[in-house]
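Respectively, the protein sequence lines represent chains A and B.
The first sequence begins at 1 in our numbering and counts up one residue at a time.
The second sequence begins at 1 in our numbering and counts up one residue at a time.
What the hints contain is simulated information worked out from the structure, not anything from laboratory work.
There could be a bad hint or two in this list.
Which copy is meant is left open, so a pair is good if it fits within one copy or across any two.
What the hints assert, rightly or not - The calculated SDA-like cross-link candidates involving lysine to any residue, where the alpha carbons are at most 25 Å apart (straight line), are:
| # | residue 1 | residue 2 |
| --- | --- | --- |
| 1 | K54 | G158 |
| 2 | K54 | K90 |
| 3 | K90 | I166 |
| 4 | K62 | P157 |
| 5 | K62 | T167 |
| 6 | K62 | T161 |
| 7 | K50 | L70 |
| 8 | K62 | G100 |
| 9 | K54 | K173 |
| 10 | K50 | G72 |
| 11 | K90 | Q163 |
| 12 | K173 | D52 |
| 13 | K50 | E71 |
| 14 | K62 | K173 |
| 15 | K54 | T93 |
| 16 | K173 | L125 |
| 17 | K62 | S124 |
| 18 | K54 | G100 |
| 19 | K173 | R58 |
| 20 | K62 | R91 |
| 21 | K62 | K90 |
| 22 | K62 | D83 |
This one's a predicted model, so the numbers in the text were calculated from it and none came from an experiment.
The chain contents come next:
Number of protein chains: 2
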Amino acid sequence: MNILASLFILLSSTAAIGEGAEVADIQPPAHPSPAVTASFALVTVGRIEKTDRKVRIRLEPKYEAGLLGLEGWSHVWVMYWFDRNDTPEKRSTLQVHPRGNPANPLTGVFATRSPVRPNLIALSLCRVVSVEQNLVEVEGIDAFDGTPVLDLKPFIPGPDTPQRAITTPVWAK
Amino acid sequence: MNILASLFILLSSTAAIGEGAEVADIQPPAHPSPAVTASFALVTVGRIEKTDRKVRIRLEPKYEAGLLGLEGWSHVWVMYWFDRNDTPEKRSTLQVHPRGNPANPLTGVFATRSPVRPNLIALSLCRVVSVEQNLVEVEGIDAFDGTPVLDLKPFIPGPDTPQRAITTPVWAK
């Protein structure tokens, strides 16, 4: 049996549990192919580790090889998961008052950096302080100790910098 | 039964299928709590739509409310899923020759923007051309038609711009 067939059975088995309606709340919407549905599983590649005034990303040892050459970059995007907000209610919130300030206009979550959104992926630009084995010390991340890390991507000046005029809403100025 | 209990059963039921070893290849690694493991399910909030020379993001209608106010931003980060690379082999690749060029040194995927990595999350900075109902026209994204979109986040100049000197490896210059 190949993996796609296995996953199809895995997903199909949800219905047999008898609590499928609850589980379905955080399943991806229906797609033409079970392969697409089945693929949206994230892995935790590491954790945020806060000690004193240092912030480090401790990668799972099995992912350490993925850091080769990171020390050549000054800045890295860190993607992590807002795990404390991982409830069906928070993942179905589509509008918020930005920065939790009721004086700011009600705004769609895709027009904010709200930690409450359908996919709880956080994005922070960090300076790379050091890379040693499976530990990356960074500056510029405001995440809780123990937060699951999903990905690191180097900051590349060209594609990561707007090439035309930047505008922002009044509340964000 | 609450949702976490349901998901725990869902994940536990994998073993009973008899093909658990294959499924386990793309399950998250073991965590102290089933709650953490169970939470890493992504939803598709929309799709990339390429027509002629336009690139649009077509949000699922149920997520349209999340776009309120996006037109006030000139640039947006688009996160999408490299669904064509969603195989256990590609998700376990940790080192590549950047840009597919064997002349570039073998580099950890976390030090590249390779579309082959443990979590297949892509990140592109796009200019917002227009926002109409559930359609966002953008410039600056190089994704296949039909690609699943995970999130939109506005570009905020302060936190999204390095505040100290930028360095990059030789291969990326």
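Structure-based check of all given hints:
| no. | hint | result |
| --- | --- | --- |
| 1 | K54 - G158 | between (29 Å within a copy, 22 Å between copies) |
| 2 | K54 - K90 | neither (30 Å within a copy, 33 Å between copies) |
| 3 | K90 - I166 | neither (30 Å within a copy, 36 Å between copies) |
| 4 | K62 - P157 | neither (29 Å within a copy, 35 Å between copies) |
| 5 | K62 - T167 | neither (42 Å within a copy, 27 Å between copies) |
| 6 | K62 - T161 | neither (32 Å within a copy, 31 Å between copies) |
| 7 | K50 - L70 | within (20 Å within a copy, 34 Å between copies) |
| 8 | K62 - G100 | between (38 Å within a copy, 23 Å between copies) |
| 9 | K54 - K173 | neither (29 Å within a copy, 30 Å between copies) |
| 10 | K50 - G72 | within (24 Å within a copy, 35 Å between copies) |
| 11 | K90 - Q163 | neither (34 Å within a copy, 32 Å between copies) |
| 12 | K173 - D52 | neither (32 Å within a copy, 36 Å between copies) |
| 13 | K50 - E71 | within (20 Å within a copy, 37 Å between copies) |
| 14 | K62 - K173 | neither (42 Å within a copy, 30 Å between copies) |
| 15 | K54 - T93 | neither (33 Å within a copy, 30 Å between copies) |
| 16 | K173 - L125 | both (19 Å within a copy, 20 Å between copies) |
| 17 | K62 - S124 | within (23 Å within a copy, 27 Å between copies) |
| 18 | K54 - G100 | neither (27 Å within a copy, 35 Å between copies) |
| 19 | K173 - R58 | neither (34 Å within a copy, 28 Å between copies) |
| 20 | K62 - R91 | between (30 Å within a copy, 13 Å between copies) |
| 21 | K62 - K90 | between (32 Å within a copy, 15 Å between copies) |
| 22 | K62 - D83 | both (22 Å within a copy, 23 Å between copies) |
Hints 2, 3, 4, 5, 6, 9, 11, 12, 14, 15, 18, 19 from the list above are not met by this structure, while the remaining hints are.
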